[in-house]
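Engineer: Residue numbers (our numbering), protein chains in the order written: chain A, 1 to 249; chain B, 250 to 613.
Calculated directly from the structure, the hints in this document are not laboratory data.
Treat the hints loosely; a few may be bogus.
[As the list claims (entries may be wrong)] What the simulated footprint calls covered on chain A by chain B, stretch by stretch (three residues with Cβ under 8 Å from a Cβ of chain B suffice, anywhere in the stretch; the number is not a length): (1) 50-57; (2) 82-91; (3) 101-108; (4) 121-131.
[Claimed, not checked] Listing some non-contacts, in silico: residues in chain B with all C-beta distances to chain A over 12 Å: (5) 261; (6) 437; (7) 468; (8) 498; (9) 573.
We put the beta carbon where it would ideally sit given N, CA and C, even for glycine.
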Amino acid sequence: MKQLSRSFGGLRAVDDVSFNVEKNSITAVIGPNGAGKTTLFNLISGALAPDSGEAYIDGRPIHRLPPYRIARHGISRTFQNIKLFPHMTVLENVMIGRHIRSRSGFLSAMLRLPGSRAEEQQIQERSMEILALMGIEGIAGQEAGSLPFGKQRIVEFARALATEPSLLLLDEPAAGLNMYETAQVSELITKIRGRGVTVLVIEHDMSLVMNISDMIVVLSSGKKIAEGLPSDIQKNREVIRVYLGEDNA
Amino acid sequence: MNMKKYTPVFCLIGAAVIFQIITSVLNREFYLTQLTMSAYYCLVILGLTVLMGYAGQISLGHAAFFAMGGYTTAVLTTWNLAAAQEGTLARLVVQLGLSTASTNAYGVEIRHISPWVSLLVALAITVAVAFLIGIPILKLKGHYLAMATLGFGIIVYRIVLGSRIFGEADGISDLPPFRLFGPLYVSGDPALRVQNFYIAAFLVVLAVVLLQNLIDSRMGRALRSIHGSEEAANAMGVNTARYKLHVFVLSAVFACIAGVFLTHFNGGVGPSEADVMKSVTYVAIVAVGGMANLWGALAMGMALNYLSLRGYFGSYDEFVFGGILIVIMLFFPDGLLKKENMRSLTEAAIRMKNKIWKRKNELS
Ligand SMILES: Nc1ncnc2c1ncn2[C@@H]1O[C@H](COP(=O)(O)OP(=O)(O)O)[C@@H](O)[C@H]1O
Ligand SMILES: [Mg+2]
Numbered sequence: 001m002k003q004l005s006r007s008f009g010g011l012r013a014v015d016d017v018s019f020n021v022e023k024n025s026i027t028a029v030i031g032p033n034g035a036g037k038t039t040l041f042n043l044i045s046g047a048l049a050p051d052s053g054e055a056y057i058d059g060r061p062i063h064r065l066p067p068y069r070i071a072r073h074g075i076s077r078t079f080q081n082i083k084l085f086p087h088m089t090v091l092e093n094v095m096i097g098r099h100i101r102s103r104s105g106f107l108s109a110m111l112r113l114p115g116s117r118a119e120e121q122q123i124q125e126r127s128m129e130i131l132a133l134m135g136i137e138g139i140a141g142q143e144a145g146s147l148p149f150g151k152q153r154i155v156e157f158a159r160a161l162a163t164e165p166s167l168l169l170l171d172e173p174a175a176g177l178n179m180y181e182t183a184q185v186s187e188l189i190t191k192i193r194g195r196g197v198t199v200l201v202i203e204h205d206m207s208l209v210m211n212i213s214d215m216i217v218v219l220s221s222g223k224k225i226a227e228g229l230p231s232d233i234q235k236n237r238e239v240i241r242v243y244l245g246e247d248n249a
Numbered sequence: 250m251n252m253k254k255y256t257p258v259f260c261l262i263g264a265a266v267i268f269q270i271i272t273s274v275l276n277r278e279f280y281l282t283q284l285t286m287s288a289y290y291c292l293v294i295l296g297l298t299v300l301m302g303y304a305g306q307i308s309l310g311h312a313a314f315f316a317m318g319g320y321t322t323a324v325l326t327t328w329n330l331a332a333a334q335e336g337t338l339a340r341l342v343v344q345l346g347l348s349t350a351s352t353n354a355y356g357v358e359i360r361h362i363s364p365w366v367s368l369l370v371a372l373a374i375t376v377a378v379a380f381l382i383g384i385p386i387l388k389l390k391g392h393y394l395a396m397a398t399l400g401f402g403i404i405v406y407r408i409v410l411g412s413r414i415f416g417e418a419d420g421i422s423d424l425p426p427f428r429l430f431g432p433l434y435v436s437g438d439p440a441l442r443v444q445n446f447y448i449a450a451f452l453v454v455l456a457v458v459l460l461q462n463l464i465d466s467r468m469g470r471a472l473r474s475i476h477g478s479e480e481a482a483n484a485m486g487v488n489t490a491r492y493k494l495h496v497f498v499l500s501a502v503f504a505c506i507a508g509v510f511l512t513h514f515n516g517g518v519g520p521s522e523a524d525v526m527k528s529v530t531y532v533a534i535v536a537v538g539g540m541a542n543l544w545g546a547l548a549m550g551m552a553l554n555y556l557s558l559r560g561y562f563g564s565y566d567e568f569v570f571g572g573i574l575i576v577i578m579l580f581f582p583d584g585l586l587k588k589e590n591m592r593s594l595t596e597a598a599i600r601m602k603n604k605i606w607k608r609k610n611e612l613s
């Protein structure tokens, strides 16, 4: 990430932010509400185009690409306000995650050519494996929109994971979850890092952040105000001021 | 092969055969005429169901694509090549073997462009137009997309109505039959009613099978994901703009094919086929059919078109379909024939039954 900026009208939501994410690490992005964390994710994933600045993954530029191309570069994400496909089943949601890992087109689908049938089988098996990994294979057939909030977060997590990302962006994966579910999410994040996925996570739950992250980036009013190891960030004056200032206001 | 998946298809074929036998035995084969016409309209409706119900993109302009098919073949196949033999273009068409001969209603042999050629030309025009207008307007969503497709439909209607070559308000008549191969003709000749019914039924079955396969595939899932959340679909690597365009073109192709075949079956085409009210009718039928329900759309398409063509709605035809659309949009914006609605309907029926039972018991 290099000097990424994005404004809305006069508001500089992300202002000249640069940082590096090490391969196979867990990096947390923290900061008060409105700091520009989600906007930063939107810039990386291509949902928003940056006004200026560059982004690279494995040395390849992605900052000019549309989101579906960025996804094919191995970047996947979840959304702060969950965006599942509500009328599709849990399994089908996760199967969409396999889209970029499969290729049959309109014609072979309509004619049900043997290749597309075999591929469909694979998509389904692989998706079931991911559901099993997340411990939600029991709800595979349920409509995603009808699930409780906590389950929806896990399904969204599973869908993102199904793309086999090299970089996974998680936007407040524990927001709205109870303690048990939060612990589960924390465990899942470390588990997938163990499988070679690099994780960039936005989270407000400080104990979760301090527990799992290797590095922390702190944003405030669109600017990066600190970056470092969890232990350093905990001691950082500026960070404490921003956070306490928030709390006292 | 998965037999269960094709059970409804076999039922459909069975139903077609039974209809035909009953009408023939009862000496009422003329009913098959309206059933054949309804079947062709169902091709439009099935394509539109995939576009609207599954991919979530409305079109109030599909009558225009139907008209493109119908008018292209009407203009081309009614061009009398024998009379225009002196023209270089006409001679070229004949020399290239693109023409065929048939006898018209007066028993005179005429030479004209082969309907197979006009079908291909119609498809080429439709695909080109659908791509050209689809690229800009599919960026729009909801009401704006509805308005833009409506505008497109109105433009095509005005062109058809105002052009000499399209016969203005009279349309084009006296089309030759479309010889498919061997003894199979798409034509309104009463002697060929039964085979024409089967030709139309075959096309419908083919369309249902192809589209059902599409829906049950990776591509179908991608289309439904666009309906669910375009942003999330994009983030999962689905090229939403491209798929929306492709399914729009695909549904336009279905409408075009229906236009070509029905125009040869009717022996002519008029501007009412391009009328915006036709597009509204198609959308209304997709909606009562359950939006994302191919079989519902097919059942409703056959039933409502048949009733309309037999004149059951009299002069209230537009009123009926406009009314259906309003009611559906007010009370069942996700479509009528849906599992959920069916369930609540059965539940309501059971409640009613229980209530009546209770009353009865109380009274006795
Ligand atoms: N699409 C948008 N249009 C206008 N303003 C936006 C948009 N997205 C975010 N913002 C503004 O940008 C700022 C940063 O928002 P956001 O990135 O969501 O913060 P965070 O995720 O850190 O809470 C906020 O002031 C927000 O109101
Ligand atoms: Mg946010």
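Engineer: Check the structure against each numbered hint from earlier and tell me which ones fail, lowest number first.
Structural biologist: 1, 4, 7 and 8
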